[in-house]
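Generate coordinates for the entire structure from the input sequences, incorporating the hints supplied.
So the protein sequences, as listed, match chains A and B. For the first sequence, our numbering assigns the number 1 to the initial residue and increments by one for each residue that follows. For the second sequence, our numbering assigns the number 1001 to the initial residue and increments by one for each residue that follows.
Check each hint, because a few of them may be wrong.
[As the list claims (entries may be wrong)] Computed cross-link-like contacts, SDA-like style, restricted to lysine to any residue with a CA-CA straight-line distance of at most 25 angstroms:
| # | chain 1 | residue 1 | chain 2 | residue 2 |
| --- | --- | --- | --- | --- |
| 1 | A | Lys-74 | A | Leu-52 |
| 2 | A | Lys-129 | B | Pro-1051 |
| 3 | A | Lys-131 | B | Met-1169 |
| 4 | A | Lys-59 | B | Pro-1015 |
| 5 | A | Lys-5 | A | Gly-67 |
| 6 | A | Lys-74 | B | Leu-1023 |
| 7 | A | Lys-129 | A | Gly-109 |
| 8 | A | Lys-5 | B | Leu-1078 |
| 9 | A | Lys-79 | A | Lys-131 |
| 10 | A | Lys-2 | A | Ile-70 |
| 11 | B | Lys-1005 | B | Leu-1078 |
| 12 | A | Lys-5 | B | Asp-1088 |
| 13 | B | Lys-1059 | B | Leu-1078 |
| 14 | A | Lys-129 | B | Lys-1005 |
| 15 | B | Lys-1059 | A | Met-1 |
| 16 | B | Lys-1005 | B | Leu-1125 |
| 17 | A | Lys-2 | B | Ala-1044 |
| 18 | A | Lys-59 | B | Leu-1026 |
| 19 | B | Lys-1059 | A | Val-54 |
| 20 | A | Lys-74 | B | Pro-1015 |
[Stated by the list, open to error] If you anchor each label on the Cβ, the simulated ranges turn out as follows:
| # | chain 1 | residue 1 | chain 2 | residue 2 | range |
| --- | --- | --- | --- | --- | --- |
| 21 | B | Glu-1104 | A | Pro-135 | 40 to 48 angstroms |
| 22 | A | Ser-66 | B | Glu-1122 | 47 to 55 angstroms |
| 23 | B | Lys-1049 | A | Leu-134 | 14 to 22 angstroms |
Everything labelled a hint here was simulated from the structure, so no lab data went into it. Treat the numbers as computed from the prediction; the structure is a model and nothing was measured. Note that the Cβ used here is the ideal one computed from N, Cα and C, for glycine as well.
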Amino acid sequence: MKNLKFLFTGMLFGIILVKAEVISWFRIQEMFRLESFHMYGVIGSAVFTAMLGVLLIRKMGWRSVSGEEIVVQKKPFTKGNIIGGLIFGLGWAITGACPGPIFAQIGSGFTVVIVTFLSAVAGTWVYGKWKDHLPH
Amino acid sequence: MNFLKSPWPWYVAGPLIGLCVPLLMLIGNKALGISSSLRHICAACIPGKIPFFQYDWKKESWNLWFVGGIALGAAIVLLFFHNGQPVDLNPATIAALRANGVQEFDELTPGDIFNWGNVASETGLLFFITGGFLVGFGTRYANGCTSGHSIYGIATLQWPSLVATICFMAGGFAMTNYILPHLMRWLLL
Chain A
1 MKNLKFLFTG
11 MLFGIILVKA
21 EVISWFRIQE
31 MFRLESFHMY
41 GVIGSAVFTA
51 MLGVLLIRKM
61 GWRSVSGEEI
71 VVQKKPFTKG
81 NIIGGLIFGL
91 GWAITGACPG
101 PIFAQIGSGF
111 TVVIVTFLSA
121 VAGTWVYGKW
131 KDHLPH
Chain B
1001 MNFLKSPWPW
1011 YVAGPLIGLC
1021 VPLLMLIGNK
1031 ALGISSSLRH
1041 ICAACIPGKI
1051 PFFQYDWKKE
1061 SWNLWFVGGI
1071 ALGAAIVLLF
1081 FHNGQPVDLN
1091 PATIAALRAN
1101 GVQEFDELTP
1111 GDIFNWGNVA
1121 SETGLLFFIT
1131 GGFLVGFGTR
1141 YANGCTSGHS
1151 IYGIATLQWP
1161 SLVATICFMA
1171 GGFAMTNYIL
1181 PHLMRWLLL
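So this is what it looks like as structure tokens:
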């Protein structure tokens, strides 16, 4: 069961998301209304810590547990970063959830968010279908 | 036990979220990213004949285990570490949302909006169907979401992720401050 470790890491991630209240629709409203530092603190310190971790891995030359050299996934620039980014931002403010929190909201007992999830799958599918007609 | 039950401050939760990036690198040489799971689900269940969904999604199945874990982790909090207290929001936010028709503030999401009774209504069409669609379409078009771009991408010093993050925020600001209040007053009042 080589995937169990990812299940456990996901559980850890889910627990933190809920305890940080970043899955709260209210917290997202508060963030975009600039009425609280909470979300900025969470995201900012997450980026900072992740950056230090990645730096440490590089400096120490650490490899993954299976001995592979650690590869950084490339994020090439496309116009989609801008257009898609704006579209996602609009949706984030409506649902109060980016994709991670969608799963966490469902797990937290807000079962109606299953509808949001299915609609997000549909949105991904429509993108895949019309991808070649969109500016990139 | 008290610590597990109460919400965690940003300086505890943020670094823990950040540590998941090097953790995933070390345990499996994986890049943190959650919206990709939606693509894998399409590839697994409804690929059609669409080239974008023709790939071996099973090779990426770790990502599905990861998001399954997120839901499970959230359920563990609900079952064992739930304090049942409302979110400690800025009173100005509460006042503004009340003025726009939100009535329930005792959970993580407003119960008067996020309930099954609203699914077939205009409220559901906005908050679940439209919102979810924009999230799924937008994240794939942007090639990532808050985790893949804002955390992983910026932490690995990739400028396109910073551009994407700025656009996420711009879209969110526009919706929250200029569009959503009108829609909420129309739907909820």
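Given hint B:Leu-1078 paired with B:Lys-1005 - CA-CA distance at most 25 angstroms: holds (10 angstroms)
With the threshold set at 25 angstroms, check whether the alpha-carbon distance from B:Lys-1005 to B:Leu-1125 stays at or below it. Roughly 34 angstroms separates the two Cα atoms, so the pair is violated.
For A:Lys-79 and A:Lys-131, compute the direct alpha-carbon distance and say whether it is at most 25 angstroms. holds (12 angstroms)
B:Lys-1059 and A:Met-1 were given as a pair; does the straight-line alpha-carbon distance stay at or below 25 angstroms? Given pair B:Lys-1059, A:Met-1 holds - Cα atoms ~14 angstroms apart, limit 25 angstroms.
Regarding the pair A:Lys-74 and B:Leu-1023, is the alpha-carbon distance no greater than 25 angstroms? Between A:Lys-74 and B:Leu-1023 the Cα gap is close to 18 angstroms, so the pair holds against 25 angstroms.
Satisfaction of hint between A:Gly-67 and A:Lys-5, Cα-Cα up to 25 angstroms: holds (16 angstroms)
Hey, A:Lys-5 versus B:Asp-1088, does the alpha-carbon distance stay inside 25 angstroms? violated (34 angstroms)
Given the hinted pair A:Lys-129 and B:Pro-1051, is their alpha-carbon gap at most 25 angstroms? holds (8 angstroms)
Take the C-alpha atoms of A:Lys-59 and B:Pro-1015, compute the straight-line distance between them, and say whether it is at most 25 angstroms. At roughly 20 angstroms apart (the allowed maximum being 25 angstroms), B:Pro-1015 and A:Lys-59 satisfy the hint.
Within 25 angstroms, alpha carbon to alpha carbon, are B:Lys-1059 and A:Val-54? Roughly 24 angstroms between the alpha carbons, so the hint for B:Lys-1059 and A:Val-54 holds.
Between A:Lys-131 and B:Met-1169, does the CA-CA distance stay at or below 25 angstroms? holds (23 angstroms)
Checking one constraint from the list: CA of A:Lys-2 to CA of A:Ile-70, max 25 angstroms. Satisfied? holds (18 angstroms)
Violated hints, listed in ascending order, are 7, 12, 13, 14, 16; each of the other numbered hints is respected by the structure.
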